[in-house]
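Okay, here's what each chain looks like letter by letter:
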Amino acid sequence: MSEAVSSVAPYSWALIGLAIIATFFWRGLGVLLSTRIDPSGPTFRWVSCVSYAMLAGLVARMTVLPAGALAMTPLTHRLAGMACGFAVFLLFHRSVLAGVTAGTALFAILSALTAS
Amino acid sequence: MLADDSFNRLGDARHPTLAVAARAAREAFSLPFIILLASFAGFGSVARASGFSFELAIVATAGIWGLPGQIALAEQYGAGAGTAAIILAVSLANARFLLMVMSFMPLMRVGLNHRGLEFASAQLLSTFSWAAARNAFPTLSDPLRPIFFMVYGLVCISSALIGTAAGYAGVTALPHSVVLGLLFLNPLFFALVFTDSRERHVIYAVLLGAVAGPVLHGFSPDWGEAAGGLLAGTAGFYLTRSPRMRDGGAP
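Note that the protein sequences, when read in sequence, are chains A and B. Counting from 1, one number per residue, gives the positions in the first sequence under this note's numbering. Counting from 1, one number per residue, gives the positions in the second sequence under this note's numbering.
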């Protein structure tokens, strides 16, 4: 290990420690705030709705406006893969495995055809 | 899914704990295993490029256990950002855990019956185990829910640790179309898993959120997803309230 690396090591370990605490803050706060939430009550339904809507928004954004390598692929390919995944999922008795396999296969084939 | 449920009912007769543990392991060692391996390999290679040691990359995955925050950490550290800016970015990127824990822990509290285990479970929670537990819990009795969650969650974090190590070591020599396919697995998997929910208010929230997320992201990349979730989730909640709840009576 070079001297430059070993001199930044204590800082980077402290940084990771702070990052762990910064993330656990939200998890721990969630435990504390949820102690009085009745799982069959309206508060729980509302928190569930907001959680699902937020994550669905994230998934939709990753499809429509992706970051990284997916951003280089045409939107039509991504939407075709999604549509194919949903169709096979519904046709095969709501099988997530079948839907994901079919949708991803179509997307990968379209990508390979465009690249060649 | 149907086959899993019938297997679970058969297994319940004699060894319910083993049957549920096996079901959780089987579900997690499927697409989640592949997706986590691929996406955390991405983190491993970003962590290496940013100058983190191998040990730091592994501890980051095990301890932070939230990919958006980990990517923010590695990228900002690599770019030479200040400590406060880095920690703020990590914290904001992983703030979704607050809502995820709140929309999950009440379903497992009776089965856990221990505050320390609640904090430990919150630490183990990821989007994969959250979504899988939300779908599986209606078919599981209270004492069996923690078994399902723990097994599923441990398989997930193990997959992520293997992925981090592989990515750091540079095992990414895959054809470009395969890499694209692996990246595409992630949104497609969650789109289908969320739609697989049997709860009507969840389906409404998912559909509304899928429209609101990208639209509001266009206005504000930083706050769009949170605002979209709040608006679409609240709309879904009000649209699916039963007439009795709407009148203010107890459901």
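Bear in mind the hints are in silico, worked out from the structure with no lab data behind them. All C-beta atoms in this analysis are idealised placements derived from N, C-alpha and C, irrespective of residue type, glycine included. A couple of the hints might just be wrong.
Unchecked claim - Stretch-level coverage of chain A by chain B, calculated; a stretch enters the list once three of its residues show a Cβ under 8 Å from a Cβ in chain B:
no., stretch
1, 21 to 30
2, 45 to 58
3, 67 to 73
4, 77 to 84
To be verified - Partial selection, computed: residues in chain A whose CB lies under 8 Å from chain B:
no., residue
5, Pro10
6, Ser12
7, Asp38
8, Arg61
9, Val64
10, Leu91
11, Arg94
Okay, the hints, checked on the actual structure:
{"no.": "1", "hint": "21 to 30", "result": "holds (count 9)"}
{"no.": "2", "hint": "45 to 58", "result": "holds (count 14)"}
{"no.": "3", "hint": "67 to 73", "result": "holds (count 4)"}
{"no.": "4", "hint": "77 to 84", "result": "holds (count 3)"}
{"no.": "5", "hint": "Pro10", "result": "violated, 11 Å"}
{"no.": "6", "hint": "Ser12", "result": "holds, 6 Å"}
{"no.": "7", "hint": "Asp38", "result": "holds, 7 Å"}
{"no.": "8", "hint": "Arg61", "result": "holds, 5 Å"}
{"no.": "9", "hint": "Val64", "result": "holds, 5 Å"}
{"no.": "10", "hint": "Leu91", "result": "violated, 12 Å"}
{"no.": "11", "hint": "Arg94", "result": "holds, 6 Å"}
Violated hints, in rising order: 5 and 10; the structure is consistent with all others.
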